[in-house]
Amino acid sequence: MTTHGVSRRVVLRLSAAVSSLAWLVPGRAFAETIRRRLPWAADQTDRPVQRDERPGFIFFSPAEAAFVEAVVARLIPSDATGPGAIEAEVPRFIDRQLAGPYGEGDRFYLQPPFPKGTPTQGWQMGPPATVYRAGIAAVDRWTAATYGKPFAALDTATQDEALKALEDGRADLSGVVDAKAFFTLLLQNVIEGYFADPIYGGNRDMGAWRMIGFPGARYDLTPWVSRYGEAYPLPPVALTGRSEWKPRS
Amino acid sequence: MADPAVDVVLVGFGWTGAIMAEALTAAGLSVLAFERGGWRTAANDFALPFDQDELRYMWRHHLFQNVAHTTITFRNKPDQQALPMRRLGSFLPGAGVGGGGVHWNGQVWRFLPTDFQARSHNLERYGADAVNADDMTVQDYPVTYAELEPYYDRFDYLCGVSGKAGNLGGAIMAGGNPFEGPRSRDYPNPPLNMPYGPSLFAKAAQGLGYHPFPHPAANMSRPYTNPLGVQLGQCTYCGFCEKFGCGNDSKSSPQTTILPVLMPRPNFTLRTYCEVMKVELTRDGKHATGVSYFDENGMLGFQPANIVILSAFMLENVRLMLLSGIGPPYDPRSGSGTVGKNYSYQIVSSVNVFYDDKITNPFIGAGALGMIIDDFNGDNFDHKGLGFIGGGYLGALNTGARPIETHPVPDKTPKWGAEFKRAVADNYLKTVPIVTHGAVMSHRNNYLDLDPTWRDTFGRPLMRMTFDYTDNEHKMSDYLTDKAAEIGRAMGGREVKSNKRSGPYDISPYQTTHTTGGAIMGADPKSSALNRYLQSWDVPNLFVAGANAFPQNAGYNPMGTVAALSYHCAEAIVNRYVKAPGPLVQA
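Order-wise, the sequence lines are chains P and Y.
The numbering used here numbers the first residue of the first sequence as 11 and each following residue consecutively.
The numbering used here numbers the first residue of the second sequence as 17 and each following residue consecutively.
Heads up, some of the hints might be wrong.
According to the in silico footprint, chain P covers these stretches of chain Y (three or more CB under 8 Å from chain P) [unchecked claim]: (1) 55-68; (2) 277-284; (3) 399-413; (4) 428-438; (5) 464-471.
Derived from the structure by calculation, the hints contain no laboratory data.
All residues carry an ideal CB built from backbone N, CA and C; glycine is no exception.
Same shape as in the complex, but just chain P (with noise of 0.2 Å):
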């Protein structure tokens, strides 16, 4: 949907403010009658988000961050194979996600009430923000009560043994999230992180899509359709160009 600088969410909260039943509506701000025409408009592209250069973490707080980057690096660990997922800085994605739209959960259905359903009726928790501020301390909590301090703090055979414990769904997190789901929550904002495009913060200098071979946005590729078995040349593109093209920040 095409914004004009200000977010439909900005809109609708002001409009809500005015009519109890403009909330109702959604985008009620861009609602037209189109007639006789087929609309477009200069300047009202709906560009992809500015790469947050702000420094540190926004959503974090310092123990959470620590959580985090020490999570990510065991998920997609650094070696010769290619960039880890620190270096990919993919806890700064993370971090970037959960601040914005989607930590909010702006495309998640959030009416309660919320029952405990069956493995195949899918997610049934909060935002996904809620759920990684609980589901850290809940974690963290675990870990001290079973290895005695918190995940960060734990040498990395302890941090795999407590990873498989979530991912199988053995941690007991007293209810407060469920482990197997905040597990493959993580998982997939890990994976998500490392191979998104690098606007959103991770998949530094495209490393991930070198490493294996990706080579982006790239328009046209015609004339490698019919070249069997050849390795494709050129490097990766990102939607602002290679980072060749441009000074390290």
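Given the structure of chain P, go ahead and fit chain Y onto it with the hints provided.
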């Protein structure tokens, strides 16, 4: 306050809405379409290169329906409590002008002639048990393939489908699908160029005696001007079709095939960001007077119309019927009632072939780029002794290996850690995926009704979906997966990994958006909600266009058949209904 009356009001403006609006305005009718999302165009909404953004479009659902406002509730069995689908997963309906037609792959299929006689054909060939097992409620379509052929053809040419005919007027053509129903003419465009992976699949399948052919694709193999005079550009194989808008005008969508011609017509009006609340009826409930809707000022409006056509995503079509009190709601215990009956889906699985020495570049892609065999679809093979009916196509498709979604690893690889990372790095460029795309029959306990607990932002009950696979589907899907693995092994890779679909249906992982049924077409009002022209048996000036009309699903992508049924419906409205309003089929 009532707006000026129109001949036809459309609810929802995706593919079916655009097809209907074009056909009806061309015949001189005044048409007004409501769309709950906004206007969308490539230049403003998915321009190059930012349309190639996997996170935003696929994982953050930028072009999809926002379930924060309206979702469904889901359960596998009628004795469970259905819970809200709190985020999209298994299927991805569209939102906004163009609907799912903006982010689809462009896989354009025709159902097999026998798919339209799923009950009578299977009954005759395999006996009563075959069509009654697992509480099956399979029914025949009230139309035949031959009747729909001209309308299938019309959509093929509207979309500029790239492909190779396998059956031209009864003559089997080498290199096409020999199992398909007869075509009146070839595809408008030649097949897309075939990448390495699909060519390896085709060679192996051919060697095993199967009949590979190029997947019919609404991705342009060359520049194309359609019969309405709208031009599309040649596909560049960038690998961002499925779940993305095409910034290159190379994929057929309402925007790239219909809207440039439709929008300027004086007898057409589009109203965006208007949510239709329900179809309003006369006091006796037998005639629609129009629709009520919330307009851009948050005010409830009323749009009078002589004809109402529901052309939203099929789940919303069924919900609007239930919310409006049109037709008897289906009751699974007694089997009576029609609205909500025979909800169905598809069952998909896959096989990965891993090579040591072959670079397959799976990121080279287009939405419908690949080689397929149809030897195990529908009733193209003998089902005697197999314990199931139905089938599906299988094949190697290069839809674009975007890496968040696609990073296949060999069997027994951990899901994280150094070994996982190594496996992703080693295998990404050296794999070929084979997919199976299986039918789901209809069953007594798979249905739609209104949820008693959860509501949308307007306070209306959500749709409640009760659905699970039965033995018929699992046996069929396992059979297809084994066939895919057989071909995979003949492709000469290091390893073939089978990803069978096991266990109950899960609402979370993406599978396919091919949800069907709930307001099905049929021969009589006792067993169906709509007649052969998609006309409601109960409210004759209401037509309901979409995959909701399928009595059960077939092993193909639905859009070709949805489009054909829509054209068939539009022609009946123009040629018969407007001259003599009333039921087009006597009950």
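A quick look at each hint next to the structure:
no., hint, in the structure
1, 55-68, "holds (count 12)"
2, 277-284, "holds (count 5)"
3, 399-413, "violated (count 0)"
4, 428-438, "holds (count 7)"
5, 464-471, "holds (count 3)"
Of the numbered hints listed earlier, the single one contradicted by the structure is hint 3.
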